[in-house]
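Protein chains in written order, with the UniProt record's numbering: chain A, 1 to 453; chain B, 1 to 252.
Note that these hints are calculated values from the structure, not bench results.
Just so it is clear, the structure is predicted and the values come from calculations on it, not from any experiment.
Glycine included, C-beta positions come from ideal geometry on N, C-alpha and C.
A portion of the hints provided could be inaccurate.
[Claimed, not checked] Per the computed footprint, the stretches of chain A lying under chain B, defined by three or more beta-carbons under 8 angstroms from a beta-carbon of chain B, are:
#: 1; segment: 80 to 90
#: 2; segment: 125 to 131
#: 3; segment: 171 to 182
#: 4; segment: 280 to 291
#: 5; segment: 388 to 400
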Amino acid sequence: MTTQTQHHLHSLLSSLHTTLKTPKPSSKPHSLTITSTSKNPSLSGRKLRAAVIGGGPAGSSAAETLAAAGIETFLFERSPSSSKPCGGAIPLCMLHEFSIPLHLIDRRVTHMKIVSPSNLTVDFGKTLKPHEFIAMLRREVLDSFLRSRAEASGASLISALVTHLEIPSSPTSPYVVHYTMNNSRRALAVDVVIGADGANSRVAKSINAGNYACAIAFQERIKLPDDKMAYYENLAEMYVGNDVSPDFYAWVFPKCDHVAVGTGTVCSKHDIKLYQRAIRERVSDKIKGGKVIKVEAHPIPEHPRPIRVRGRVALVGDAAGYVTKCSGEGIYFAAKSGKMCGEAIVRASEGGDRMINEDDLRREYLREWDAKYISTFRFLDLLQRVFYGNNAAREALVELCGDEYVQRMTFESYLYKRLAEGNRWEDAKMVLNTIGSLVRCQIVGREMEVLTV
Amino acid sequence: MASIAITASLQRACSSPHLTKKKQLQPRSMRSLDTKQATHVVTMDVEGQKGSKIAEKLEKSALHIDGPKNAEDKLKSGTDAEPFVPKFKDERWKNGTWDLNMFVKSGKMDWDGVIVAEARRRKFLELYPEAATNQEPVLFRSSIIPWWAWLMRSHLPEAELLNGRAAMVGFFMAYFVDALTGLDVVGQTGNFICKVGLFVTVIGIILLRRTQDFDNLRKLADEATFYDKQWQASWQDHNASTSALEKERRKA
């Protein structure tokens, strides 16, 4: 959950794509529709009922948006007080867009170090302005704040485990949410469902949304002695190498009063303990004397689910698979997708007065989301494929990160989630440097293959 | 009981001459006279002259238990029970970077040597990863090596190969085109189609250097579009379902 590298290079790439491949819903040539939402039947007398399953950042943002517009919202969360195993890093734009109070922030990370397989270390963060930082929070603190805000805007919070979702047969009959609360089985009828229940989403299973490949993220929380903790006061570290992860990176993130040392992988999940041992050894000097206080693991989706909208059910956040490659960032995209989905439903139902259908969800939510973020996700996927494949490429990545321009672009793209304004000349230099680094490291890599130590 | 234990461990220790640490562990734990007698017993049983020589050394070290510091240090590391991880050592690697002065051969800078040395270092670290410390940071950047050194190392042999192939293909293609169409070389260079053909051939030779390159390129294309396909999957379903709906409507 750290910075994305060279995010802005996609400005060059997108100029090559003359048209973004934004899919358009198929038109019906023989229907007599005038494109206005009067197609949808009006709900006489009552407001639209929506159920949001899952009370994390995605669910809470969706519930808040829906409830604020007057829609009858029910937010389901099975364990409101659990702490999620998560990096807990959120970008600045999330603090602004979601009005997150600054007292929730545990730490402000202003420095990052990225370490290559041959221990070449590069300092990131020289280009940050004094008011810029990466906010580290505890998930339980953030989640409960967002949930209480959703409740304050009118959503009904239900602490229950949702077991399954009954799909209706006609376009106007309700969805029935079956849940268990205090050991009793209950059911609730709603018109629209937003599935925000994470990587093992039950809503996704109920609508047969298909599966996705997951990476596993494994981390240990280690309490350090004070002098070692002072080193990580506002510093996060990222380690790359075949020994710590074959296709991802390992990290040391500072949290409120301890550090989280972890790693992740997609292809060799059964070797995750070996990789964890390797990262512990790589940072052995810096965590000497530390005590492990918690061990946790969680799946992280690698790509979107095949179906993200079906009927009047939409998936958001981790349930939909909105996690970027390369950095594994998911909190901001979860919250943003929840908000956008909520706004889509509000627009399509005209503030809760009309029923909506699948086309509305696709048009207002899915198309908007894809148009806004698909190039970001595609670009990071490209970076991951190019730079995380083998040790030679990782060395090249770390070498490139030493360049100030790269650092500035990376942080700006990460913190504000927008195309950083780049200088064309510097862009060209960066592209040449990238190619140069990759070529150099490939040559050394080839030399390495023939050598025997 | 103690002597049996020590005999067994000494036997194992003697048969592998490298583990000097373990041997010195045993004498430490048993300071009685039993040790001396046990070692005598072992020397008779151990096969080969080498084993007995080592056992004799053991005796001597057993006598000097309280003596040299090395024994204690090695004992400490032995009792930690951690595998010994070798550290990268090279006389030319100083303070986290290569000392370029040591790579001078007959008055000229030997960049090839630097490249090979760096490759060796990275290979070593790949096999035996080291902890990243702040006390000895790695400062070497491969960009210090000039671009022509890289080219000479890697690309020249391959460039030679590709040029040779291109020349052979070009010669025979010129011959065949002349035989088929009557255009001689001068005429061919003026013809647009021939120029296009030449361009395609050159690009083809660069891209498809070996037969496996073809498969690699195909895999690359698949991988590149895989992620995109997953994003578009939601829309594919929509198109399928709406066309199904339309068919139903027409039937009804």
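Hints and how they fare:
1. Residues of the segment 80 to 90 of chain A with a Cβ under 8 angstroms from some Cβ of chain B number 0, which does not satisfy the need for three, so the listed coverage is violated.
2. Here's how the segment 125 to 131 of chain A fares: 0 of its residues keep a CB closer than 8 angstroms to some CB of chain B, so the rule of at least three is not met and the hint is violated.
3. Check on the segment 171 to 182 of chain A: 0 of its residues sit with their Cβ under 8 angstroms from a Cβ of chain B, so the three-residue criterion for coverage is violated.
4. For a cut-off of 8 angstroms, the count of residues in the segment 280 to 291 of chain A with a CB near a CB of chain B stands at 6, and the three-residue condition holds.
5. For the segment 388 to 400 of chain A, the assignment as covered by chain B holds, since 3 residues bring a beta-carbon within under 8 angstroms of that chain's beta-carbons and 3 suffice.
In the structure shown, a violation is registered for the earlier hints numbered 1, 2 and 3, in ascending order.
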